[in-house]
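Novice: What follows is the residue order along each chain.
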Amino acid sequence: SAVISQKPSRDICQRGTSLTIQCQVDSQVTMMFWYRQQPGQSLTLIATANQGSEATYESGFVIDKFPISRPNLTFSTLTVSNMSPEDSSIYLCVVAGGWLGTDTQYFGPGTRLTVL
Amino acid sequence: GENVEQHPSTLSVQEGDSAVIKCTYSDSASNYFPWYKQELGKRPQLIIDIRSNVGEKKDQRIAVTLNKTAKHFSLHITETQPEDSAVYFCAASLNYGGSQGNLIFGKGTKLSVKP
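Sequence order for the protein chains is A and B. In terms of our numbering, the first sequence opens at residue 1 and continues consecutively. In terms of our numbering, the second sequence opens at residue 1 and continues consecutively.
Since the hints were derived computationally from the structure, they do not count as laboratory data. It is possible that some hints are incorrect.
As the list claims (entries may be wrong) - Calculated pairs, DSSO-like style, for lysine-lysine (alpha carbon to alpha carbon, straight line, at most 27 Å): (1) K65/A <-> K107/B; (2) K107/B <-> K37/B; (3) K37/B <-> K22/B; (4) K71/B <-> K114/B; (5) K7/A <-> K68/B; (6) K7/A <-> K42/B; (7) K71/B <-> K57/B; (8) K37/B <-> K58/B; (9) K68/B <-> K57/B.
This one's a predicted model, so the numbers in the text were calculated from it and none came from an experiment.
With the rest of the complex left out, here is chain A (with noise of 0.2 Å):
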């Protein structure tokens, strides 16, 4: 399996700012996702995080309030914007392909996130 590894692993943020996560795998990796569990809930796809290209979003979720960014096959970051107490959650950077093979998708530890 790949070492995953997010900064921060925690934070908490006023309404209004924005914050930053930044994945980081050991290895060349396919595929990049970012997902979000709410407290309690179970896994959404944010948006998949492609390289040298914009990001594929899915429904709920827009480029303006959730950029990405994926500037080679190990790194991507996720911008959680103007944020509002509902964006408390654990953000979730998930990889998948190259070294770690065709099917199985890991995920990293997890940014938790609190919005005051």
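Position chain B relative to chain A; hints supplied.
Specialist: Okay, now just chain B, sitting in the frame of chain A:
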């Protein structure tokens, strides 16, 4: 798009008993079905997966079955232990040509194993 339903939402069993969690999916094109275990405060961890060309897969006390016709798949845990207590998520995706589709998750099952 794909929709995954998972039942039950909570499950309590005695240590040593078996536990079964069931999921149904809507998109007949989905071909990859993983199960994740999430302990409190931790990331989801893959415990077993199955592809659409296989009907059953077993790994020690854990097994998964897939019925493509009925579009449902199940997780079976035998001889449950207290450390099996966690939230379990099923998921479905369409993987093709070496590319991984995004996972659509069920809502999760909170399993409690009582000693």
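Novice: Look at each hint and say if it fits the structure.
Specialist: Cross-check of the supplied hints:
1. K65/A <-> K107/B: 25 Å, holds
2. K107/B <-> K37/B: Since the Cα atoms of K107/B and K37/B sit roughly 12 Å apart, the hinted pair holds (cutoff 27 Å).
3. K37/B <-> K22/B: 14 Å, holds
4. K71/B <-> K114/B: 32 Å, violated
5. K7/A <-> K68/B: Violated: K7/A and K68/B sit about 40 Å apart, past 27 Å.
6. K7/A <-> K42/B: Holds, because 15 Å separates the two Cα atoms, which is no more than 27 Å.
7. K71/B <-> K57/B: With Cα atoms ~16 Å apart, K71/B and K57/B stay inside 27 Å; holds.
8. K37/B <-> K58/B: 16 Å, holds
9. K68/B <-> K57/B: Distance ~14 Å between K68/B and K57/B Cα, so the pair holds.
Of the numbered hints given earlier, the model fails hints 4, 5; all others are met.
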